[in-house]
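Engineer: Mind assembling these two chains? They're in different frames, but the hints should get you there.
Residue-level listing of the chains:
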Amino acid sequence: MLLKLFAWLFAQGAPVIVPVSVLILGFIFRAPFRRTVTCALRMGVGFTALYALIGIIFEALGTPGQLMSQRFGIGLTITDVGWPVHSGITFSLAYSMLAIALLFLLNAVLVAVGLVKTLNVDFFNHWPFVFVLGAVQLVTGSWGLAIASCLIYWFLTLKMADWSAPILPKYYDMPIAGISIPHSHSVLFAPFGFVLDRLWDRIPGINKIKIDPAGIRERFGVLGEPIVIGFAVGATVGGLAYLAWPPTGDQIANVIKLGLTLGFFMHLLPRASELIVMGMAPLSESIREWIVKRMPGREFYLGLDAAVLVGAPEHVALGVLLAPLCYLVAVLLPGNAVLPLADAAGFMIFFTVFAVNTCRGNLFRGLLNSLILWIPVALLISGALSPVTMEMVAQTGFELPEGAMAITSITIGSHFVGFACFKICQFLGAAGSIGDLAIGLGILLVFAAVWYAVRRRPREYAEELEQLRAQ
Amino acid sequence: MLVCGSGIVSSTLVAPMVEDILERGGWRYRLIKGRLHEVSGRLKDLDLILTTVPLPAEIAEAGVPVVVITELFAGKKEAIARQIQDALRGES
Chain A
-19 MLLKLFAWLF
-9 AQGAPVIVPV
1 SVLILGFIFR
11 APFRRTVTCA
21 LRMGVGFTAL
31 YALIGIIFEA
41 LGTPGQLMSQ
51 RFGIGLTITD
61 VGWPVHSGIT
71 FSLAYSMLAI
81 ALLFLLNAVL
91 VAVGLVKTLN
101 VDFFNHWPFV
111 FVLGAVQLVT
121 GSWGLAIASC
131 LIYWFLTLKM
141 ADWSAPILPK
151 YYDMPIAGIS
161 IPHSHSVLFA
171 PFGFVLDRLW
181 DRIPGINKIK
191 IDPAGIRERF
201 GVLGEPIVIG
211 FAVGATVGGL
221 AYLAWPPTGD
231 QIANVIKLGL
241 TLGFFMHLLP
251 RASELIVMGM
261 APLSESIREW
271 IVKRMPGREF
281 YLGLDAAVLV
291 GAPEHVALGV
301 LLAPLCYLVA
311 VLLPGNAVLP
321 LADAAGFMIF
331 FTVFAVNTCR
341 GNLFRGLLNS
351 LILWIPVALL
361 ISGALSPVTM
371 EMVAQTGFEL
381 PEGAMAITSI
391 TIGSHFVGFA
401 CFKICQFLGA
411 AGSIGDLAIG
421 LGILLVFAAV
431 WYAVRRRPRE
441 YAEELEQLRA
451 Q
Chain B
574 MLVCGSGIVS
584 STLVAPMVED
594 ILERGGWRYR
604 LIKGRLHEVS
614 GRLKDLDLIL
624 TTVPLPAEIA
634 EAGVPVVVIT
644 ELFAGKKEAI
654 ARQIQDALRG
664 ES
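Keeping their order, the protein sequence lines are chains A and B. The opening residue of the first sequence carries number -19 in the working numbering; numbering runs sequentially from there. The opening residue of the second sequence carries number 574 in the working numbering; numbering runs sequentially from there.
Chain B on its own, in the form it takes in the complex (with noise of 0.2 Å):
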């Protein structure tokens, strides 16, 4: 699941990059978009989440792997894409 504040914004833009990781790193994946207060109601759904907005503390914790993605922002996607794949690696 991709995750912003209001599951509108920030989450388009970053998702070409998202998608473009997870084809490179050769997953087959289903994205969902969504905001913040989306995410808790969906946990047991869901493999990974990427998250521009630092979770709060409740969520981090409940077992699902989490990854802040807001450095896309500052083009270090390399680095994002790394943390990913180790996310993904370690989930399966």
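Next comes chain A alone, as it looks inside the complex (with noise of 0.2 Å):
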């Protein structure tokens, strides 16, 4: 009978299953019963809103997409759908829930042992952890591995975070102490940043350049308006799909309305996240209450998302003009198949905060760095996670209709780390090809390497920046 129930609650997808979970964790770790009710109903609103914002980008840009890379080659043929709708479909497994609530315990254990300094209550955060979880166990149906590099790329965000601890109080006018930033999007970029900052030194002409960050967001920011990116992507596309000369009015009313759709499709997708959030609000807080409570004496640092960072103005001021220039990157950049949407609004200005906090605050090299580094990588790796992506969105519960455009999100290629190991699993899980395992493990070893050579850089830029700041 209970088993009966349970195969018909995992049947029902995501709508059902992970409010049900957030219900039966938030009794666990006694959050208000009659919030954690409503919450979870706010939850299941916001999937079912989720999926239908999908099933409109499907719909909408299917065949646009495909008509106008016939056209003209442009074969940017996977949507970036952004962190709202990946995060949403990572949290549809329906173990997604438990699986944040134990590796927020297995943290509190670390940090009681002393085997690392952050405690990550960033609960939010914590979901391309569980995206890799997913991925691993769906491609090679192991969850032992699933687990193991789920883990991995857990523990080693962990220590980026502690590693690269001791700038921020330094960097930043922080009202508060003793937080780091183990938000996987961005710290793991950190050591690239120190390496180019040392790069761009060396380079005559480049190491004089530097820009003033005031007054961007005044005369750049309304490209960055999540409505205006997604008519002018729409538009554009639509254009480029199904324009002739001279054009005629369908075809100009076609144009405008995709311009529309993807508009109205960046308008609510925050309002559809949202709601999911919300449903988790009453368990995160419970959870976290319960393991502060716990927390022995020992010191530790509050792990935070990179978005209490962001008020500075070279953050503010580098995700305004990334806005636009991701598309460019997006154009040029060979192998992309990747269009930018909802990231190019919503997600540069947390990415990149480790591209220009690691060089002064030097806003040229910050966009240097993003132009060169930071956003192909994303653009790649999201490109090469689509698939599993795709799939996911299957197995929790969607049906994918005929010719549906591939969606991914800028964000899932910031974890490259992630990523690594996705593909190693696939190798070990005789999933994959040799080719496979070498992508992965040249992409560790890089970054091995890259770390190791500015691992001593955090405390030295610290006094730097305390002489700096002293004079």
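By construction, these hints were calculated from the structure, which means they are not laboratory data. Treat each hint with caution, since some may be false.
[Claimed, not checked] Output of the computed footprint for chain A on chain B, the stretches with three or more beta carbons under 8 Å from beta carbons of chain A:
#1 574 to 580
#2 585 to 595
#3 640 to 653
[As the list claims (entries may be wrong)] Here are the computed lysine to any residue pairs in the SDA-like style, where the Cα-Cα straight-line distance is at most 25 Å:
#4 B:649 <-> A:142
#5 B:650 <-> A:81
#6 A:190 <-> B:629
#7 A:273 <-> B:647
#8 B:650 <-> A:89
#9 B:650 <-> A:18
#10 A:-16 <-> A:121
The structure displayed is predicted, hence computed values, not measured ones. Glycine included, C-beta positions come from ideal geometry on N, C-alpha and C.
Structural biologist: Quick look at the structure:
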């Protein structure tokens, strides 16, 4: 009987199963019951809304995307639906909430025994670890490999948060002490920021350039507005797909409609995502309280989202400038198949935090780093992770329409270490070739070498910043 | 106004705690959530800004009281509640 009930629950897909898991976990961690119930309801609605939005994107972009690539050879056939959708897809995995709760507990144990100093209380941004878990499990069918790769990626992120923490209080005017950034979307790029900073120092000409971040938001801010980006991308794709010379009235109408549809998508996306986040609010709060209360006297870093840093003007400016510039990279980058959309507006500011705070806030270097490394890496990896994302969408109870446009998010592309773990597991689980293994190991080797080259840099950099400030 | 980087995640996660604090203080309120970019355009409608992101200086000095509430994530609800009450009392 109970088994049948569970089997039925799992067959209902995310809108039912995940809110139920929130209720059960909320009960275990003593979240206030009434609030948990109303929030779980919102979460179910959020998943329903999210999947409706994915359906809209599939329908709206499928045909024009194909036409565009047939007519002009512009092969941007994978749409970037952004982190709100990608996290939603990941949270739709039946075990997502349980996995995050267990990672929280394990994190507390590791802090208690002194293996790491960061206690990652950023409940939401655990989703990439769960994505790696789900992706490896889907592709290899092996829970052992899936759990191992998830844990390795998660542990490395905590270590990188510990490693980069000393620069934060020197760089930012932080009102609170003792935080670190176990934000896997951004912090693992920090070693590359330090290495490139050294490189730019040695190139005559480039080593002198600086850009002042003041006023950039006022001048270019409108280009980064979600609705504006949605409309511009929709109209451009529509134009390339439909317009002939001279254009007919119908063609022009199609172009405008596609622009408006994508604008609508961009506008509603945060609302859907917000409902899902609301569903986990009581649970995340009670787990956090439960753990923080039980932490022994040991000092630890409070691990938060990179979003707590982005008030600095250079981050704001970089986020605004990269919204249009990432299209340039997408078109010019060989091998790229991803059409930036949602994350062009909603992710660049967080993604590139460590592209500029590792270079003394030099906006020019932040821009250069983002254009030559951060964005290309994210585009290529997000394209490579699109197939498994589509599998996940299908598995969580969404029926893919015929000829649907593939989706991904630039955000998932920022997880190069998670991607490397995924590739290696693909090989180990007999679901990939030796080439997959080589890619995975290659990425990890480069990462290890770059980190090793600058392993002492954060402390030294913190001292430099201190001196700069004293002057 | 309740502010975070994206206007989606952190502000939603702390919203119930903030509502709780305001209700216990007996305040009548209307809470709007939003992202960092939206603050400067709405300044004149706001009585109080609660933020998980330390704000740029030009906003922080614009005359609307600001309370940084990032520490709610560290479980320091009482201390933040006191700061919010103080800021609101100073205002009215």
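Engineer: For every hint, state whether the structure bears it out.
Structural biologist: Right, here's what the structure says about each hint:
1. 574 to 580: Coverage by chain A holds here, the residue count being 4 at a Cβ distance below 8 Å.
2. 585 to 595: Coverage by chain A holds for the segment 585 to 595 of chain B (5 residues, Cβ < 8 Å).
3. 640 to 653: holds (count 6)
4. B:649 <-> A:142: holds (22 Å)
5. B:650 <-> A:81: holds (22 Å)
6. A:190 <-> B:629: Holds - the C-alpha atoms of residue 629 of chain B and residue 190 of chain A are around 20 Å apart, at most 25 Å.
7. A:273 <-> B:647: holds (10 Å)
8. B:650 <-> A:89: Given that 25 Å is the threshold and the Cα spacing comes to 24 Å, the pair holds.
9. B:650 <-> A:18: holds (22 Å)
10. A:-16 <-> A:121: holds (23 Å)
Of the hints listed earlier, there is not a single one the structure fails to meet.
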